[in-house]
Amino acid sequence: LHSVKVPVAKMEEWSSSYKTWRHFVYNSYHNRMMEMLDSIDNIAFNNMDERLEKYLQDKMEILNSKHIYST
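Going by the working numbering, 6 is the number at position 6 of the sequence shown; the sequence numbering is gapless.
Source of the hints: derived by calculation from the structure; they are not laboratory data.
Accuracy of the hints is not assured; some may be wrong.
Unchecked claim - Within a straight-line C-alpha distance of at most 20 Å, the following computed SDA-like cross-link-like pairs (lysine to any residue) qualify:
no.	residue 1	residue 2
1	LYS19	ASP38
2	LYS5	VAL25
3	LYS59	MET48
4	LYS5	ASN27
5	LYS54	SER28
6	LYS19	VAL8
7	LYS19	GLU35
8	LYS54	ASN27
9	LYS59	VAL25
10	LYS66	ARG51
11	LYS54	ALA44
12	LYS19	ALA9
13	LYS19	ALA44
14	LYS59	MET36
15	LYS66	ALA44
16	LYS54	ILE43
17	LYS19	MET36
18	LYS5	ILE43
19	LYS54	SER65
20	LYS10	MET36
Stated by the list, open to error - For each label pair, taking beta carbons as the anchor points, the in silico distance ranges come out as:
no.	residue 1	residue 2	range
21	HIS67	SER15	42 to 50 Å
22	LEU56	VAL8	21 to 29 Å
23	SER16	ASN46	38 to 46 Å
24	HIS23	HIS2	13 to 21 Å
25	MET36	GLN57	16 to 24 Å
26	ILE43	LEU63	40 to 48 Å
27	SER65	SER16	23 to 31 Å
28	TYR69	ALA44	24 to 32 Å
29	THR71	MET33	32 to 40 Å
30	ILE43	HIS23	27 to 35 Å
31	TYR26	LEU63	29 to 37 Å
32	ARG22	ASN47	38 to 46 Å
We put the beta carbon where it would ideally sit given N, CA and C, even for glycine.
The task is simple: from the sequences and hints, build the whole structure.
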């Protein structure tokens, strides 16, 4: 995970000057908001066993493996 720190003044300047920057920022906010809403939905409406199953399936997909090693 990488991050870039941009001064607020530059954010405002670039947002008004560069359409691609504005779209990048809006898309980033949108993606993070959707992740947050998905997490809240998951916690509010799924049982612990369903959340654990989804977590393990996601982890297997990320690792591209059918095995998960744990200690």
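Now for the hints, and whether the structure bears them out:
no.: 1; hint: LYS19 <-> ASP38; verdict: violated (28 Å)
no.: 2; hint: LYS5 <-> VAL25; verdict: holds (13 Å)
no.: 3; hint: LYS59 <-> MET48; verdict: holds (16 Å)
no.: 4; hint: LYS5 <-> ASN27; verdict: holds (17 Å)
no.: 5; hint: LYS54 <-> SER28; verdict: violated (24 Å)
no.: 6; hint: LYS19 <-> VAL8; verdict: holds (17 Å)
no.: 7; hint: LYS19 <-> GLU35; verdict: violated (24 Å)
no.: 8; hint: LYS54 <-> ASN27; verdict: violated (25 Å)
no.: 9; hint: LYS59 <-> VAL25; verdict: violated (27 Å)
no.: 10; hint: LYS66 <-> ARG51; verdict: holds (18 Å)
no.: 11; hint: LYS54 <-> ALA44; verdict: holds (15 Å)
no.: 12; hint: LYS19 <-> ALA9; verdict: holds (16 Å)
no.: 13; hint: LYS19 <-> ALA44; verdict: violated (37 Å)
no.: 14; hint: LYS59 <-> MET36; verdict: holds (18 Å)
no.: 15; hint: LYS66 <-> ALA44; verdict: violated (28 Å)
no.: 16; hint: LYS54 <-> ILE43; verdict: holds (12 Å)
no.: 17; hint: LYS19 <-> MET36; verdict: violated (26 Å)
no.: 18; hint: LYS5 <-> ILE43; verdict: violated (31 Å)
no.: 19; hint: LYS54 <-> SER65; verdict: holds (15 Å)
no.: 20; hint: LYS10 <-> MET36; verdict: violated (27 Å)
no.: 21; hint: HIS67 <-> SER15: 42 to 50 Å; verdict: holds (45 Å)
no.: 22; hint: LEU56 <-> VAL8: 21 to 29 Å; verdict: violated (40 Å)
no.: 23; hint: SER16 <-> ASN46: 38 to 46 Å; verdict: holds (42 Å)
no.: 24; hint: HIS23 <-> HIS2: 13 to 21 Å; verdict: holds (19 Å)
no.: 25; hint: MET36 <-> GLN57: 16 to 24 Å; verdict: holds (20 Å)
no.: 26; hint: ILE43 <-> LEU63: 40 to 48 Å; verdict: violated (24 Å)
no.: 27; hint: SER65 <-> SER16: 23 to 31 Å; verdict: violated (46 Å)
no.: 28; hint: TYR69 <-> ALA44: 24 to 32 Å; verdict: holds (31 Å)
no.: 29; hint: THR71 <-> MET33: 32 to 40 Å; verdict: holds (34 Å)
no.: 30; hint: ILE43 <-> HIS23: 27 to 35 Å; verdict: holds (30 Å)
no.: 31; hint: TYR26 <-> LEU63: 29 to 37 Å; verdict: holds (31 Å)
no.: 32; hint: ARG22 <-> ASN47: 38 to 46 Å; verdict: holds (41 Å)
The earlier numbered hints that this structure contradicts are 1, 5, 7, 8, 9, 13, 15, 17, 18, 20, 22, 26 and 27.
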